[in-house]
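> These protein sequences, in sequence, are chains A, B, C and D. Quick note: the first sequence, position 117, residue 117 per the working numbering, numbers continuous. Quick note: the second sequence, position 284, residue 284 per the working numbering, numbers continuous. Quick note: the third sequence, position 106, residue 106 per the working numbering, numbers continuous. Quick note: the fourth sequence, position 122, residue 122 per the working numbering, numbers continuous.
No lab work stands behind these hints, which were simulated from the structure alone. Positions of the beta carbon are idealized from the N, C-alpha and C atoms, including for glycine. Please note that the accuracy of each hint is not assured.
To be verified - Here are the simulated DSS-like cross-link-like pairs (lysine-lysine), alpha carbons at most 25 angstroms apart as the crow flies: (1) B:Lys72 / C:Lys96; (2) C:Lys72 / B:Lys96; (3) C:Lys19 / B:Lys19; (4) A:Lys72 / D:Lys19; (5) A:Lys292 / A:Lys47; (6) A:Lys19 / D:Lys167.
Unchecked claim - Simulated DEER-style distance windows between Cβ atoms: (7) D:Asn85 / A:Asp33: 23 to 33 angstroms; (8) D:Thr241 / C:Leu40: 44 to 54 angstroms; (9) A:Thr236 / B:Thr151: 30 to 40 angstroms; (10) C:Glu259 / D:Asp33: 44 to 54 angstroms.
Number of protein chains: 4
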Amino acid sequence: MNTFGQIFRVSIFGESHGKWVGVTIDGCPAGIDMPVEDFLPDMDRRKAGAAGTTPRKEDDLPIFVSGVYNNKTTGAPLTIVFENNNVRSGDYDAVKDTHRPGHADFVLTRKFNGFNDHRGGGHSSGRLTVALVAAGVVAKKILSGVSVHATLTEAGGQTDIEAAIQKAIENNDSIGGIVSCAVNGLPVGLGEPFFNSAESVISHIVFSIPAIKGIEFGSGFAAAGLTGSQHNDAFTDENGTTATNHAGGINGGITNGNELNFRVAVKPTSSTPREQQTWNNATNTVAPFTVKGRHDLCIALRVPVVVEAATAIALADLLLLQRVANSI
Amino acid sequence: MNTFGQIFRVSIFGESHGKWVGVTIDGCPAGIDMPVEDFLPDMDRRKAGAAGTTPRKEDDLPIFVSGVYNNKTTGAPLTIVFENNNVRSGDYDAVKDTHRPGHADFVLTRKFNGFNDHRGGGHSSGRLTVALVAAGVVAKKILSGVSVHATLTEAGGQTDIEAAIQKAIENNDSIGGIVSCAVNGLPVGLGEPFFNSAESVISHIVFSIPAIKGIEFGSGFAAAGLTGSQHNDAFTDENGTTATNHAGGINGGITNGNELNFRVAVKPTSSTPREQQTWNNATNTVAPFTVKGRHDLCIALRVPVVVEAATAIALADLLLLQRVANSI
Amino acid sequence: MNTFGQIFRVSIFGESHGKWVGVTIDGCPAGIDMPVEDFLPDMDRRKAGAAGTTPRKEDDLPIFVSGVYNNKTTGAPLTIVFENNNVRSGDYDAVKDTHRPGHADFVLTRKFNGFNDHRGGGHSSGRLTVALVAAGVVAKKILSGVSVHATLTEAGGQTDIEAAIQKAIENNDSIGGIVSCAVNGLPVGLGEPFFNSAESVISHIVFSIPAIKGIEFGSGFAAAGLTGSQHNDAFTDENGTTATNHAGGINGGITNGNELNFRVAVKPTSSTPREQQTWNNATNTVAPFTVKGRHDLCIALRVPVVVEAATAIALADLLLLQRVANSI
Amino acid sequence: MNTFGQIFRVSIFGESHGKWVGVTIDGCPAGIDMPVEDFLPDMDRRKAGAAGTTPRKEDDLPIFVSGVYNNKTTGAPLTIVFENNNVRSGDYDAVKDTHRPGHADFVLTRKFNGFNDHRGGGHSSGRLTVALVAAGVVAKKILSGVSVHATLTEAGGQTDIEAAIQKAIENNDSIGGIVSCAVNGLPVGLGEPFFNSAESVISHIVFSIPAIKGIEFGSGFAAAGLTGSQHNDAFTDENGTTATNHAGGINGGITNGNELNFRVAVKPTSSTPREQQTWNNATNTVAPFTVKGRHDLCIALRVPVVVEAATAIALADLLLLQRVANSI
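This is chain A alone, in the form it adopts within the complex (with noise of 0.2 angstroms):
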């Protein structure tokens, strides 16, 4: 299943070394204004060029397939590709024999009987997020007066990150990081205790971005450890305020209406510059491997923009269905 989402669907294609990358929204609403330019920022931020960020550069500009029509989506299904001009699959043939580590070669080669498409992850490669965050500025303006911010808040263990990046240069080995995301501006009432809660949706495509492996809404994991007289959000109004947040903005799965946030945590990018011991299959003994290809150090550096994309997608198929909800 390569659809995300009920209303508003946003299904993605392509490989990583393949002539195009592409999404398709269907359930887009008609009338939106769509020029190229308001895709430009979201593209800059994903893009690599920053020190610890991967030598592969792409355009990146959004081709309209469908679905656009003067410069409005038109109702109709909304297919953007982009081109993969920069690719150098040679880098890829080495590595048939090793199954790198931290990678998903070993189980696409298994889940799909050797017939992957393996040069540079193929289907499965972070390229494809260039689709994810295009999808993510269309959803961004159906979300119209809600703000979605991501930021990395943490990398290599600490809050310096460019620190954390030279450290990480110097050490030559690879670092992950935390992503903190905030949403602002939303109703009360998006998400259903069973089975579409608003922590359900939003972990669900969160978890689609590669390298994710863990999220937290509110005091996450640090709820463990309270009592209910702590973590209970008072409420100070009618309308819902609350003088802490500690659920994040979530109660029983629905937004209520206060700030909506949570954190991320991105694994160090599995393709570490450092040599590693690992099976090969050539010479069926564990043996030392360099990963070859280009590669992010800090593959969280580039994540946020991801991760804003998806919580757009997700909330944004959220506030549609509401609206169904609430039409009688």
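Position chains B, C and D against the provided structure of chain A, taking the given hints into account.
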């Protein structure tokens, strides 16, 4: 959307103080043994009774409405209901003026324009998890050769759980906990990169369980502080065995044949016996409030079997889906 | 997949000779009046009793299991069950050796490897349409201002239906019929070109009604013999009023605001009282067979209210979906 | 909802006068041969060129965007696009004032508040069926051992189709027709009683094909005039072979192993060359109107391969689903 799953589709219905709560499983294969006795152990694990759990007691005997004939599944929709015998709705009349802190009263009232059944949390009640546990029993039968095991590993911030409960009773305040879940015996290949990663599907259903605020797979949030060479799980043979299991049994969203494991954070029961200060709609002021009704001091005690059920449901669906993918 | 609909999702469960048959509606808006009395007229129309209908009588009083509080929908899943009081399962023991011609006995046995509940057709029985009619009552409440009206316009090949029934009784053989359905008051814009045309969605659910073998919209099969200039419906004003209605109220899969109409073909009841020659698994020969059980001589008499219900369900879902599409 | 199918999910995108039209198949098993040559025969059958078909010619060569590697499917989403080379959008400027009778111009404008791409029917154009035919080629590969064959059996009300076309040319008016489809080699057991009967699923997708106004399975509308003893198909052996096939290969919504057959009614092409009288929004009167653009005099000539494709898509999905049902 009150349904979970693509092939093994689980829908639940009912309210805390209605006549029955129930579950329909659509897509359950025919010919599975379905004796009532097979449900009792998990039903018992979910029940109240231990120190720190609610005095509300229910028989929780499954009543098969459809889909079972001669004690075996027929392939038709399998509906199971449970009676709500032990209902004291009067407890909830007093709270009409006060939205209970930490509960869904406020959001439900707004979401459904006041038409929701407020008694005992209505459809959002933890009572509904009895239906989830029943579906989990069926799911476990589909996962033959696979063990799903969840336990409470922390309560009130400590690993000595009995001591934590004792302290909560003395303290007259509710507490949270951490539930750890391990799945062994899974085949390689369940899950998909976009958007149905194993983490996506498991987290989606786990976040439908009331009181869950966080989930982490494998190394989880600790991964954010590790380096790639520390975190990667080196392969030690051609079958995907790894020296470590930081990945928690999942690479690129797909099960890798090693133990799948994750931890969830359970917040302290919102219905703490402590007096709370919160908004009172009758007096239009913040006023003291003490929750009525019968509640768990540490709901986390009863969560493990529900987490097991949710996990089994998610994995049964992925397993059936994967058989299709392999069928050509 | 025992569920129909994207927003207004109807699932049915139960067997002909089980304790209850039932329906769950997920996605029903909150606040809709739901008195039992509102169900009785359509329940009565579906009931047996007239000449040519089965002597099996059921009370068919809806029992609300969930989703209704203070006689109004709550927004939670709405489950309604009906008791099967009037069951004579013994009638079906004799047919174990013979797959009844025209019935699903043979295919169900094969599909479910013999585990299906064969009594009275099990889950495939026309008894299940009681649940469909109940969901139709709810759907009609959502379609306020819209009338859905189906009638039997032909039976046994003639328009004098009483005469046709009389002849069938004399002839001791079952007959079929034609049901015509007209919907007035629909807004322009329901349905989508691919793949959810109004015809697609209506035919999908209508072909779930047992015994339906054909459906035609507007001019239907007669259209194949007309020319474009004869068939096109000329517009007579700017609001889409047309001089004729060969389109049956649908252009390009989308409702056009004119009367939506269609006709369905109902085959003669498979359980004819006439002796039939068919394969006997006990004797391994073609042998005489007379069906037992209580059956309708002209099931088409009871079909109109079921067609109405199915149509209302399909249109209620399209109507709620269209509100989303217009919501930006 | 622009997607069809539960397991083998087909989504189409594009407009008549856009750059590409395309299709994404999600859930296509890995390892299926996918040479371009295998697409050409069905593409050719769909093409214009014969007497009575449009002069618009397209190469219709499939371009694989994703999901194919080394000429085989990879298990990732399979996206195929087709270029729109032969576009004359200017033809459509004139019709802005007049909603073409029989077409979707009026309903699309209302449904999408005027934001739809009106050129050539936009997303509602028959041009989109090129994507459906491509998906049909893939579906047929999944249905190994099964033949799906559709032909035009009537045009303009007669069975001599060449004569009918000749008469239409002389008459300068478009005509309709009847397409008959037969499927042989299907296993017993595809489809489900509620709500996914084989008839439901096939009719759903067939009614997405532009110009279809009716469908009947087996004896269809003629069944309404037969008696039960005439209509029932007697079994002649233990394998479900029947003496007659009035059921059209389906009992109770489930395939019975005999030939599945149905007929569809195709209305005359709405774009007749004859002058029509219809409402003109510029003059605010009913006025003469002659359609521009290049059109088929008998679109039914090109429909059989599209009906085959639609049928194959529906049956491939049911076949994959049934493998799951049998997998315990």
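> Is the distance from the Cβ of asparagine 85 of chain D to the Cβ of aspartate 33 of chain A consistent with 23 to 33 angstroms?
Because 29 angstroms falls inside the window, the suggested range holds.
> Given the proposed pairing of lysine 19 of chain C with lysine 19 of chain B, does the C-alpha separation stay at or below 25 angstroms?
Within the cut-off at roughly 16 angstroms; holds.
> Keeping to a limit of 25 angstroms between CA atoms, is the pair of lysine 292 of chain A and lysine 47 of chain A held or broken?
holds, 20 angstroms
> Is it true that the CA of lysine 19 of chain A sits at most 25 angstroms from the CA of lysine 167 of chain D?
violated, 49 angstroms
> Checking one constraint from the list: CA of lysine 72 of chain C to CA of lysine 96 of chain B, max 25 angstroms. Satisfied?
Given pair lysine 72 of chain C, lysine 96 of chain B holds - Cα atoms ~18 angstroms apart, limit 25 angstroms.
> Given the hint of 30 to 40 angstroms, check if threonine 236 of chain A and threonine 151 of chain B actually sit that far apart at their C-beta atoms.
Given range 30 to 40 angstroms: holds, Cβ gap about 38 angstroms.
> Starting from lysine 72 of chain B, check that the Cα of lysine 96 of chain C is at most 25 angstroms away, please.
Measuring from Cα to Cα gives roughly 18 angstroms; hence the hint holds.
> Can you tell me whether the CB distance of glutamate 259 of chain C to aspartate 33 of chain D sits inside 44 to 54 angstroms?
Check passed, 49 angstroms falls within 44 to 54 angstroms.
> For lysine 72 of chain A and lysine 19 of chain D, compute the direct alpha-carbon distance and say whether it is at most 25 angstroms.
holds, 16 angstroms
> Would you say the C-beta atoms of threonine 241 of chain D and leucine 40 of chain C sit inside 44 to 54 angstroms of each other?
Given a distance of about 46 angstroms, which is inside 44 to 54 angstroms, the answer is holds.
When each numbered hint is compared with the structure, a violation occurs for hint 6 only.
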